[in-house]
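**Student:** Same order as they appear, the protein sequences are chains A and B. Under UniProt numbering, think of the first position of the first sequence as 1, with each following residue one higher. Under UniProt numbering, think of the first position of the second sequence as 1, with each following residue one higher.
Mixed in with the good hints, there may be bad ones.
[As the list claims (entries may be wrong)] Computed list of lysine to any residue pairs in SDA-like fashion (alpha-carbon distance at most 25 angstroms, straight line): (1) A:K529 / B:D262; (2) A:K347 / B:R202; (3) B:K264 / A:Q503; (4) B:K302 / A:P474.
[Claimed, not checked] Where chain B lies over chain A, by a calculated footprint (3+ residues, C-beta under 8 angstroms): (5) 443-451; (6) 457-468; (7) 514-522.
No lab work stands behind these hints: they were computed from the structure. Ideal Cβ positions, reconstructed from N, Cα and C, are used throughout, including at glycine.
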Amino acid sequence: VHFVAVDTAMASLSEEVLLVVKRVRQRKQDGTLYLMAERLAWGPEGKDRFTVSHLYADIRCQKISPDGKAKIQLQLVLHTGESTTFHFANESTALKDRDVAKELLQQLLPKFKKKANKELEEKNRMLQEDPVLFQLYKDLVVSQVISAEEFWANRLSLNSVEHSLSNNNKQEVGISAAFLADIRPQTDGCNGLRYNLTTDIIESIFRTYPTVKQKYAENVPHNMTEKEFWTRFFQSHYFHRDRINTGLQDIFSECAKEDEKGLKSMVTQGVKNPMVDLLSLEDKTLDEGYGTATVPTTSNSSNKSLRENSNSAIIKRFNHHSAMVLAAGLRKRHQILTSLFVAFQVKLQEAIEYDDLQGDSGRKTISLNLKKSDRYSHGPIPLQSQHYSTSQDIINSISIIQHEMRSYKPRLTQVMSSSAASSAITALSPGGVLMQGGGQQTINQLVPTDVQSELKHLYTAAGELLRHFWSCFPISTPFLEEKVVKMKSNLEKFQVMKLRPFQEKIQRQYLSTNLTGHLEEMLQAAYNKFQAWQTRRMMRKT
Amino acid sequence: MDEEPERAKRWEGGYERTWEVLKEDESGSLKATVEDILFQAKRKRVFEGHGQVRLGMMRHLFVIIDSSRSMEDQDLKPNRLTSTLKLMEFFVEEYFDQNPISQIGIITTKNKRAEKLTDLAGNPKKHLAALKKAVDSTCVGEPSLYNSLNCVALPSGTDIKEILVIFSSLTTCDPANIYELIKTLNALKIRVSVIGLSAEVRVCTILTRETGGSYNVILDESHFKELLMLHVKPPPASSSSECSLIRMGFPQHVIASMSDQDAKPSFSMLHLDSTGEPGLTLGGYYCPQCRAKYTELPVECKVCGLTLVSAPHLARSFHHLFPLEAFQETPLEEYEGERFCETCQGELKDKCVFTCLACKKVFCVECDLFIHDTLHCCPGCMQTDRTS
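Hey, can you work out the whole structure from these sequences and the hints?
**Tutor:** What follows is the structure in structure tokens.
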């Protein structure tokens with residue numbers, strides 16, 4: 001039973017085709033070889049279909065015929081042991097064709113090999129980490145109740161929902177605006193500074209400053225170690241506040257120039273918001289205490305004081321940092337282009353209305369539409385009248401209690417403490433101390449622990465099989481029909497191969513308690529359901 | 001006479017201009033007026049919970065707890081995280097008490113990532129255990145609203161309709177545009193509410209407004225508790241949900257004894273993983289469809305997926321659908337009758353007294369709130385003889 005049907009028809013040409021080689025013979029037939037993004041395929045001359053198709057993940061290795069041989073061939077060996085041979089038959093280009101195909105395959109196969117191994121690794125890891133799963137595997141697969149494929153097919157579909165929540169590695173992470181501040185240099189006591197770099201911070205630096213990432217790729221590990229790289233980074237003028245281009249030749253001086261270029265292009269691009277006019281943003285002064293007292297200088301750089309120069313350098317650095325952080329976050333997503341006019345209207349609306357000042361509109365609710373609401377005030381009424389054998393005593397007691405309840409007046413000083421009351425209620429509730437059938441302790445003493453734990457394994461295995469059985473209903477597709485038939489036979493196999501031997505074993509140990517009765521009940525419930533479904537199906541067919 | 005319509009308008013209009021109401025007392029403190037506002041809001045809720053409204057009773061709620069550095073702040077004692085987790089334990093218990101057929105899942109967010117603390121489940125035990133353990137966890141980094149909302153919105157298996165975020169930080173570090181995620185949440189009809197621990201944050205305002213949830217910022221620990229408890233009540237159903245029949249099983253509790261002829265000891269399907277107690281038991285609840293056994297209800301059958309409940313579980317949620325009628329409010333001056341509250345026997349000293357329209361008994365303000373919030377039935381009516 002397969003969960004995914006693999007389509008090998010030409011429809012899969014929607015996959016990207018990487019290489020086409022004509023005049024390639026397979027099994028003495030002329031045809032064309034196609035190398036695609038995930039698979040290799042071959043189709044005979046003149047036909048539309050592929051007769052041979054292999055996923056790269058299924059290919060174990062490739063072999064080529066030795067140089068000098070007349071026939072120029074390439075052989076693919078699959079994991080299953082099967083092999084397919086292609087004969088390159090174009091007189092002039094056969095060798096070149098074959099070598100081109102071989103090289104491409106050499107590049108592609110390792111990529112997919114990792115995937116296949118990864119799955120196996122994942123499976124092994126799951127079995128090692130979860131002893132219950134391992135036991136289940138032993139009980140079901142090793143004893144041949146179900147096949148390994150079925151076992152994993154069922155398991156993996158269970159985990160996919162959990163995976164998205166628990167797999168931390170797959171989460172994309174934003175860049176904290178303060179990531180440089182998080183580095184928090186500490187003095188190490190000998191006139192030096194310690195910078196604490198975590199993987200997160202390194203990733204943030206790379207994403208925000210792609211030029212630094214480039215430098216890292218170019219220099220590490222050929223020219224310097226990682227530690228040296230980062231030491232130089234923090235020493236460079238690029239990193240420090242007084243980032244004025246001194247022209248010093250360190251590997252980061254280019255980064256500063258790149259940043260300048262980037263910043264200039266951002267400024268020329270401008271802002272798409274029609275309500276924002278960047279050029280009119282200036283420090284304005286109204287009066288003493290409101291704004292700066294100095295007259296705003298012209299943009300002529302020679303007039304600027306030294307202080308203003310370093311101020312503007314810091315401001316430029318902040319702006320650049322913020323712009324890069326935002327851009328790095330948005331780089332992976334497409335920019336949604338809304339029409340300029342709609343954007344303008346929305347902005348205008350936002351500027352003139354402030355939602356907080358509006359009244360609470362109150363939630364729209366849907367009214368309840370019950371036909372007979374008094375049905376909810378009491379429980380279901382039995383269809384048949386019950387006959388009780390009553391004695392006059394019982395009738396009298398009931399009417400006395402009813403009378404007491406009617407004339408009850410609270411005497412708050414003479415009530416039970418709440419803890420006494422709740423422990424009395426707990427003891428009288430299902431599962432409570434006063435509600436145990438006799439012999440609770442004795443079963444656990446009668447049945448030895450190893451028998452109990454074996455029984456638990458049987459329960460787990462049966463539960464797994466039954467879960468798959470019941471999940472087939474309601475049966476709406478032929479696939480489910482097949483599956484339910486298969487699961488029913490799996491249940492029967494389980495009963496014969498695992499349950500019966502266990503029953504015989506405990507009988508030999510003279511344990512008289514019926515330990516497998518409940519499991520048999522559960523299996524019988526499943527068989528009954530299957531029977532009912534089959535009968536209905538047959539009735540529909542006739 | 002002119003004052004009355006003004007007063008009524010303010011009370012019913014939901015405080016459109018709240019700053020007008022705030023008045024400083026002699027020492028310049030706003031505390032008294034703030035408390036008064038809170039109390040009035042509480043009373044208003046009693047009246048609002050009226051008119052038979054369709055509710056979403058089989059709730060699937062995810063709670064996202066901020067575990068960032070800001071949770072180490074000690075303005076809540078001993079620190080925000082411990083206080084929050086303690087209140088969450090109380091919330092989980094109340095939630096399952098009022099919504100027996102619902103489920104909760106808990107997620108934490110710190111260091112720009114989201115982590116699942118507990119899966120969506122209908123049994124409070126696992127959640128309580130996880131919350132107790134989480135007190136020892138470290139608070140580090142910035143939270144990520146995007147990542148935590150995203151990991152709830154992604155899996156499409158269950159019908160997650162509500163998210164509650166307890167948000168303490170003033171920033172969130174997101175890998176992508178959160179406004180796009182808000183659109184996705186809207187499309188999935190998920191309602192997000194936020195309880196802020198520091199101050200109002202614009203992105204939370206927009207998030208809750210767009211998805212139809214509520215946003216409040218706490219004043220102190222008792223206000224925090226109150227705001228949390230607001231989410232225990234089932235919310236009104238959204239317009240798009242249709243009526244559907246839901247299959248449920250109502251197993252009877254079976255007690256057996258070893259002396260019975262066909263005594264069949266069995267394991268509960270939920271006790272197979274644990275190595276210790278409880279072991280084989282004789283009684284329990286057997287699923288009517290597949291005969292799997294469980295020791296507690298409500299539970300979702302692990303084998304056949306049927307929801308197993310007991311009738312009292314459903315009945316316990318009925319008071320949400322059929323709330324107790326509001327009592328008639330009369331100013332104390334106009335009231336002529338017994339000077340003592342029917343239930344607490346205390347002297348009636350408040351501004352108003354409340355009369356049950358059915359049994360004509362009188363109650364004080366506190367008892368009236370207790371009767372409507374917790375008891376859901378009038379003690380006076382319980383005493384009078386009712387013909388069924």
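**Student:** Hints broken by the structure, by number, lowest first?
**Tutor:** none
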